[in-house]
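Student: Chains P, A and U: place on chain D using the hints.
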Amino acid sequence: MTGHVLPKRIYYTIFAILMFCTLLTVWIAFLDLGPLNTIAALTIAVFKSVLVILFFMHVKYSPRLTWAVVIGSVFWLGILLVLTMGDYLTREWRHYG
Amino acid sequence: MPDVTHHPALAHQFDSLAQQSEATTLGMWVFLVTEVLFFGGLFATYAIYRGWYPDAFAAASHELDVTLGAINTAVLITSSLTMALAVHAAQLGQRKALMVFLAVTMILGAAFLGIKSVEYYHKFVEHHIPGPSFQFEIRISPNDGGNPPGKLADVELLKAHVQIFFSLYFVMTGLHAVHMVIGIGIMLVMLWLAWRGTITDEYYSPIEISGLYWHFVDIVWIFLFPLLYLIGRHAH
Amino acid sequence: MDEADADMWKGTPLFPDSASTMAGRVDALYFFLIVVSAFFSVLIAGLIVFYAVKYRRRSPDSVGASFHGGMALELTWTVIPFFITIVIFVWGASVFFAMSRPPDETLNIYVVGKQWMWKFQHLDGQREINELHVPVGRPVKLIMTSEDVIHDVFVPAFRVKADVLPGRYTNIWFQPTKPGRYHLFCAEYCGTRHSGMVGEVVVMDPSEYQTWLSGGAPEGSLASAGARLFQDLACNTCHRPDAQGRGPVLEGLFGKTATLQSGETITVDEAYVRESILNPSARVTAGFQPIMPTFQGLVTEEQLLELVEYVKSLQSLPPVQTR
Amino acid sequence: MSTGTVFMPPRHYLNDGYGIRSWLLTRDHKRIALLYLAAVTLFFFVGGAFAVLIRLELATPAGDFVSDETYNKLFTMHGVMMVFFFLIPSIPATLGNFLVPIMIGAKDLALPKLNLASWYIYILGGLFTLYALIAGGVDTGWTFYTPFSTVSSTTNVIPTALGIFITGFSSILTGLNFIVTIHRMRAPGMTWFRMPLFLWSMYATSLIMVLGTPVLAITILLVAVERLFHFGFFDPRLGGDPVLFQHLFWFYSHPAVYIMVLPSMGVVSELVAAFCRKQVFGYGFVAFASVAIAVLGFLVWGHHMFVAGQSVYSALIFSALSFLVAIPSAVKVFNWTATMYRGSVSWQTPMLYAIGFIGLFTIGGLTGLFLASVGLDVHVTDTYFIIAHFHYIMVGGTLMGYLGGLHYWWPKISGRLYNEFLAKLSAGIIFLGFNLTFFPQFILGYLGMPRRYHAYPPEFQVLNVLSSAGASILGVGYLIPMLYLMWSLRYGKLAGSNPWGAVGLEWTTTSPPPTENFAESPVVTWDAYDYQTTVTVES
Chain D
1 MTGHVLPKRI YYTIFAILMF CTLLTVWIAF LDLGPLNTIA ALTIAVFKSV
51 LVILFFMHVK YSPRLTWAVV IGSVFWLGIL LVLTMGDYLT REWRHYG
Chain P
98 MPDVTHHPAL AHQFDSLAQQ SEATTLGMWV FLVTEVLFFG GLFATYAIYR
148 GWYPDAFAAA SHELDVTLGA INTAVLITSS LTMALAVHAA QLGQRKALMV
198 FLAVTMILGA AFLGIKSVEY YHKFVEHHIP GPSFQFEIRI SPNDGGNPPG
248 KLADVELLKA HVQIFFSLYF VMTGLHAVHM VIGIGIMLVM LWLAWRGTIT
298 DEYYSPIEIS GLYWHFVDIV WIFLFPLLYL IGRHAH
Chain A
334 MDEADADMWK GTPLFPDSAS TMAGRVDALY FFLIVVSAFF SVLIAGLIVF
384 YAVKYRRRSP DSVGASFHGG MALELTWTVI PFFITIVIFV WGASVFFAMS
434 RPPDETLNIY VVGKQWMWKF QHLDGQREIN ELHVPVGRPV KLIMTSEDVI
484 HDVFVPAFRV KADVLPGRYT NIWFQPTKPG RYHLFCAEYC GTRHSGMVGE
534 VVVMDPSEYQ TWLSGGAPEG SLASAGARLF QDLACNTCHR PDAQGRGPVL
584 EGLFGKTATL QSGETITVDE AYVRESILNP SARVTAGFQP IMPTFQGLVT
634 EEQLLELVEY VKSLQSLPPV QTR
Chain U
657 MSTGTVFMPP RHYLNDGYGI RSWLLTRDHK RIALLYLAAV TLFFFVGGAF
707 AVLIRLELAT PAGDFVSDET YNKLFTMHGV MMVFFFLIPS IPATLGNFLV
757 PIMIGAKDLA LPKLNLASWY IYILGGLFTL YALIAGGVDT GWTFYTPFST
807 VSSTTNVIPT ALGIFITGFS SILTGLNFIV TIHRMRAPGM TWFRMPLFLW
857 SMYATSLIMV LGTPVLAITI LLVAVERLFH FGFFDPRLGG DPVLFQHLFW
907 FYSHPAVYIM VLPSMGVVSE LVAAFCRKQV FGYGFVAFAS VAIAVLGFLV
957 WGHHMFVAGQ SVYSALIFSA LSFLVAIPSA VKVFNWTATM YRGSVSWQTP
1007 MLYAIGFIGL FTIGGLTGLF LASVGLDVHV TDTYFIIAHF HYIMVGGTLM
1057 GYLGGLHYWW PKISGRLYNE FLAKLSAGII FLGFNLTFFP QFILGYLGMP
1107 RRYHAYPPEF QVLNVLSSAG ASILGVGYLI PMLYLMWSLR YGKLAGSNPW
1157 GAVGLEWTTT SPPPTENFAE SPVVTWDAYD YQTTVTVES
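Protein chains in written order, with this note's numbering: chain D, 1 to 97; chain P, 98 to 333; chain A, 334 to 656; chain U, 657 to 1195.
Just chain D, with the same shape it has in the complex:
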């Protein structure tokens, strides 16, 4: 079969990092960093999901096509978010309640 059997050690290491990052993200949320709070939270979340994707989902050991699928999905999500937010950030009017 296609599978690439990883040593269990890798799974445990990734698990430990993920748990640590969860604690880290909670801890950071209680510090006052201004707008950096959101950025930090998102950075940690992205980091965690990259680990899950690369190791738990074996993408690191997968064919290029799988990489293309993963990157493609993020790219299209980016199109949705960027072009939609582009409108909201440049509207001259303001919302009200």
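Simulated from the structure, these hints should not be mistaken for laboratory data.
Note that beta-carbon positions come from the ideal geometry of N, C-alpha and C, so glycine has one too.
Keep in mind that the hints are not guaranteed to be accurate.
[Claimed, not checked] In silico lysine-lysine, PhoX-like type, Cα no more than 25 Å apart, as pairs: (1) A:K452 with A:K511; (2) P:K220 with P:K256; (3) A:K387 with U:K1080; (4) P:K193 with D:K8; (5) D:K8 with D:K60; (6) A:K452 with A:K474.
[As the list claims (entries may be wrong)] Pairwise CB distance ranges (calculated): (7) U:W848 with P:V222: 57 to 63 Å; (8) A:L376 with U:G675: 53 to 59 Å; (9) D:L81 with P:I279: 23 to 29 Å; (10) A:T600 with U:G940: 37 to 43 Å; (11) A:F364 with D:K60: 24 to 30 Å; (12) D:L81 with U:Y1147: 56 to 62 Å.
Tutor: Same frame as chain D, now just chains P, A and U:
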């Protein structure tokens, strides 16, 4: 890996188990792409309203229980580990270990849903379910300007915006929970396949693609947790 | 319409009236695009028919010539359309810019759309339903909002159109060039009687317009109606002209820059006044407490417009310091 | 080309089981294609019936034939039926399902059970929508704009929304299946650049189905929950933004136009090659143009919202991006035309449809430039100009391609030939009727007649009467093929495996093909449309 042409699990349209496994794995990945964009619509909605109503979102986020949220995150990550170990066991043809890990994964998934329902119940008791009976008592000042909460005049508007947060909270976590339920159902089928002995070190792609799905649901939560539970926590 | 029996095409226009300064600009672009389209349509159709006849199959076994493409040709028909589209884009964008930027001095008219009628409010107090009187030769700006769903003001003869949204102001402007009566349509589907949400724009000579203006307005100007409302809602207890009130002084405020609690500055325009009435604590002026109650649900869209107009009218008084 | 003996193969997919179960539980992509064919034809005629009633109403300026309420439901159901239940599944689910595995030399799609499931999901969605229709209809327009759909309309919005939500999954599964199949099931030697262009267009279409449909699904779900629970996502009174709905809706629904027209472009590439007996000019450019359209199609949705209150800057960016889609579309049209140069051009029915497609698509595409140009769009958007434009694309484009493809592959599907005279006649009727119906609408649109109007000013009547007259001709044109194709199933002459003398793997197997598609799995050693060196196989 030898090319097995007459394996009982080989469907007629494929030439080999390898081709079949590649095809089903790709199919699951493509399905996950649709899932990314499905949740993507919600994340876009979230981004816009959080940008518009940062104070209301912060005030509403304070109503969520960080401890339960964090515990649930840990539960899900652990379930992802056991899922990865289940795939590992399947790859090595360790049927017993596979069944144990699948079962543990299911139990952790169920635990997640249990904790989630406790949270939902709290929200129900506190009337934080959007709709006519929605109630919200402002505990922090939306402007951080040191105004005593009771003196805020436009509580009604803040309430409407808080309600948008809770609407998003319920839609996002609700759809996530639906995915968890489906995931547990898949695990049940996998457990049955493993018990029947269908899963072998030659044919384990059902376990592999179920694992992809499970990890994806985990990733969604990895984003939901900070986005919903951890807004403006430093204020108090 | 006159009797159109004699000739079926009599009374059937094939091209709309052009009755605003914008119409010519839009039409010019339209004709340019028609020429471009006609050129390519005729080219493609001509070639297809020509080839279909010239190279028609003469024996059942014949096959086509063997060639697979040519880079030069491909590049040609990639690059030429690309440059044509750049021209169209730039041209269309410049027309759109002109549409989006009203001149400084405009005659402002407020528009409220609701299922299924148009309400117009002139600054002098005239109110009209489904009919809008405007003078020829003056730029007119419509400041529009909706009471329920999305509507859309569309005057084909002026080549202008914009959605009218609930909860916010959008605007369009036009400068009529020809007296007459022109269709006004709701162009965004809004429910059962959508096609009945129509009216007319009546463009008049300035003198006739003045006569028309002086004919109506029993309630007085919009601003004076706003002033009455200002008293009735007791806004004047906090917003006092002497800077002793609990709210900011409004006299001379409109159009100026105000500093917010957050330190940001903001231009006081219609949208900000509207927001401050409906959602007062969203952007509180620096130095004031967020104690103003919301008036959402207490004032209608039309009353809001009166209040906004009243605040705008408070310009003539000596400017007072705004904080 | 060949006059070899023509016979009906003793064993083929149609006589591989006769019972109702052998159809309703089939995993055979060819049978599923026929299930889809039956279902989309049904929805096409239901949607068409609504169109007839709409045109009848518009024959007079007064709203005197049906009430305004009924009229609004008519155009809504026409749009919903045609877009979601006919145009989107039409070519992919019927011709695509039938041909994708055969064209790449595979025995079936990669995931046959999922394929059958997608048909049932489609039917389930259709039943929800039909229920909404029977329960009194829905009046929001197929676009479901908020807040009208969420707070104002009193009709069956939720069942219709659920119907569309469910049907979306059938579309996703079809796209997913094609992507996996094209990646993983190609016969030995069938490289990407040996694939027929129909497959490239199917692949590009599948990308859009997979990437766009989920966003529609979540959007329509939000409309339903908002209607049920008043969440306020799109309601300004609760702090929401109605324009957000439009962003999310058009993120799918603009690319959806390419779901409709890309397959048709693929069909036309096949037809032009087969009926000119020639390699498609600029094969690589046409192939990449499909993918380019699929990708660029996702960057332009904001051009539906130029007057909707989005920011001026956003409008300008979307306008600029919209023009980019014109380039690959133009490239395709030029390449098809160039393919005819020094071809051996046959005037058989499918080629007539292909020529009709190119002509109508050219007009539809060029009028798209009017709409992408933001300053001009302000005047013509939401008028009959738009109606004319998108009918030129969807009916003039998609439907012409669909009918052309259906005629081209009908001998392969059924094993029999249809009546060529009737087929040419109806192709001509459709072309004339189509232009008479929709060309006057361009003029009406520039005059300012808004869309979705039940009654209109009297000076617009003559053009509307022309349009209604054209529609009745068009209606007749669509009924004739239905009749002679049905007739041919029983009485048509036997087709033989390759009646057109075309190349392509589908013409190397019997007509109708066996359940396993090929007696022996093919090995491909030639390029697509290789009319010079490939010997067409006659079995």
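Student: Determine for every hint whether it applies to the structure shown.
Tutor: Outcome of the hint check:
1. A:K452 with A:K511: holds, 23 Å
2. P:K220 with P:K256: Since the Cα atoms of K220 (chain P) and K256 (chain P) sit roughly 15 Å apart, the hinted pair holds (cutoff 25 Å).
3. A:K387 with U:K1080: Holds - the C-alpha atoms of K1080 (chain U) and K387 (chain A) are around 20 Å apart, at most 25 Å.
4. P:K193 with D:K8: holds, 16 Å
5. D:K8 with D:K60: Holds, at about 15 Å.
6. A:K452 with A:K474: Status holds; Cα separation ~15 Å.
7. U:W848 with P:V222: 57 to 63 Å: At 59 Å between Cβs, range holds.
8. A:L376 with U:G675: 53 to 59 Å: holds, 55 Å
9. D:L81 with P:I279: 23 to 29 Å: holds, 26 Å
10. A:T600 with U:G940: 37 to 43 Å: Hint violated: Cβ distance 54 Å, outside 37 to 43 Å.
11. A:F364 with D:K60: 24 to 30 Å: violated, 59 Å
12. D:L81 with U:Y1147: 56 to 62 Å: With a Cβ separation near 58 Å, L81 (chain D) and Y1147 (chain U) satisfy 56 to 62 Å, so the hint holds.
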